[in-house]
Amino acid sequence: MMAEQLFWFFGGTAIAAALLLVLLRNPIVCAFCLVVTMLSLAAIFFMLQAQFIGAIQILVYAGAVMVLFLFVIMLLNLGRAGSDLRHAPAVFTGVVLVGVLASQLIPLSGYSRERMALEYSRSTLLANPAVVFDSTMNAAGLNPARATLERGVPGDIAMPLFQQYLVPFELTSILLLAAIVGAVVLAKRRI
Amino acid sequence: MPLIGPALAVSAVLFVIGVFGVLLRRNAIVIFMCVELMLNAVNLTFVALSQAYGISAQVIVFFVMTVAAAEAAVGLAIILAIYRHHKSVDLQNINLLKG
Numbered sequence: 001m002m003a004e005q006l007f008w009f010f011g012g013t014a015i016a017a018a019l020l021l022v023l024l025r026n027p028i029v030c031a032f033c034l035v036v037t038m039l040s041l042a043a044i045f046f047m048l049q050a051q052f053i054g055a056i057q058i059l060v061y062a063g064a065v066m067v068l069f070l071f072v073i074m075l076l077n078l079g080r081a082g083s084d085l086r087h088a089p090a091v092f093t094g095v096v097l098v099g100v101l102a103s104q105l106i107p108l109s110g111y112s113r114e115r116m117a118l119e120y121s122r123s124t125l126l127a128n129p130a131v132v133f134d135s136t137m138n139a140a141g142l143n144p145a146r147a148t149l150e151r152g153v154p155g156d157i158a159m160p161l162f163q164q165y166l167v168p169f170e171l172t173s174i175l176l177l178a179a180i181v182g183a184v185v186l187a188k189r190r191i
Numbered sequence: 001m002p003l004i005g006p007a008l009a010v011s012a013v014l015f016v017i018g019v020f021g022v023l024l025r026r027n028a029i030v031i032f033m034c035v036e037l038m039l040n041a042v043n044l045t046f047v048a049l050s051q052a053y054g055i056s057a058q059v060i061v062f063f064v065m066t067v068a069a070a071e072a073a074v075g076l077a078i079i080l081a082i083y084r085h086h087k088s089v090d091l092q093n094i095n096l097l098k099g
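Chains as they are written, first to last, in this note's numbering: chain S, 1 to 191; chain G, 1 to 99.
Just so you know, these hints were derived from the structure itself, not from any lab. Where is the CB? At the ideal position from N, CA and C, for every residue including glycine. Hints should not be assumed to be uniformly reliable.
[As the list claims (entries may be wrong)] Derived DSS-like pairs (lysine-lysine); straight-line CA-CA distance at most 27 Å:
#, chain 1, residue 1, chain 2, residue 2
1, G, K87, S, K188
2, G, K98, G, K87
3, G, K98, S, K188
[Said to hold, decoys possible] Among the chain S residues that face chain G by a calculated CB cut under 10 Å, a handful are:
#, residue
4, R25
5, M38
6, G54
7, I106
8, Q164
All chains should be modelled from the sequences, with the hints used to inform the complete structure.
Shown next, in the form of structure tokens:
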């Protein structure tokens with residue numbers, strides 16, 4: 001299967017670049033490793049039928065956010081830092097904690113849609129599991145593939161964004177305004 | 001062709017690497033990058049599960065990205081302010097809150 005091989009290629013690239021991000025000492029090299037991880041993740045998003053999210057990932061993360069990081073690194077002149085790993089006891093604690101977390105998270109990869117639906121249908125929290133798990137219908141009662149054909153990829157994500165999630169969408173504008181004001185105030189010469 | 005399981009595996013590994021970086025490094029900017037890596041891993045989880053749950057999961061990814069961008073701007077401004085005060089971004093030198 002070509003698609004599956006491509007998926008593992010990009011997944012492996014993302015994981016390798018993330019490991020380099022953690023282990024290399026030069027912050028600029030770390031930033032470029034993070035760019036590689038984000039671009040690989042964007043490719044994976046394209047494969048998982050999330051083309052709009054993939055494009056936004058490249059524009060916002062690999063573009064804007066990483067430029068911000070590189071700008072700050074160069075502004076602070078951090079290119080030639082020494083090793084900044086923590087000391088042995090802290091590293092040991094970190095390895096133990098990460099091992100526990102990994103043993104919890106990695107088994108999630110065994111999940112399939114059928115198993116999720118089975119576990120969910122046994123829980124008493126949800127009123128009608130069929131409504132959530134019947135993926136042939138979306139909220140508007142349309143087949144998702146046909147809806148995408150009719151509305152296009154951005155239109156498909158715009159419908160819930162501007163109907164069901166309109167209030168959170170407007171709240172993010174307030175969040176961004178607060179972030180702009182906060183960043184300007186904090187970066188001024190005297191706080 | 002759904003790739004839910006492999007995508008969840010990749011995102012779990014990326015999240016764990018991010019946690020490891022936060023625990024291992026002392027450079028505040030690299031720790032910040034590791035936090036961004038964790039947010040990205042969670043985004044991958046949302047996108048993978050959107051194959052099963054429908055398009056709403058991708059809307060949540062949209063919000064996560066907005067919050068991450070705002071967080072990056074404010075966090076880097078804080079790091080700049082700290083650097084002006086301490087002349088360092090090494091977290092071992094920054095122990096203002098230590099009792």
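Hint check results:
no., hint, result
1, G:K87 x S:K188, "holds (16 Å)"
2, G:K98 x G:K87, "holds (19 Å)"
3, G:K98 x S:K188, "holds (26 Å)"
4, R25, "holds (8 Å)"
5, M38, "holds (6 Å)"
6, G54, "holds (9 Å)"
7, I106, "holds (5 Å)"
8, Q164, "holds (7 Å)"
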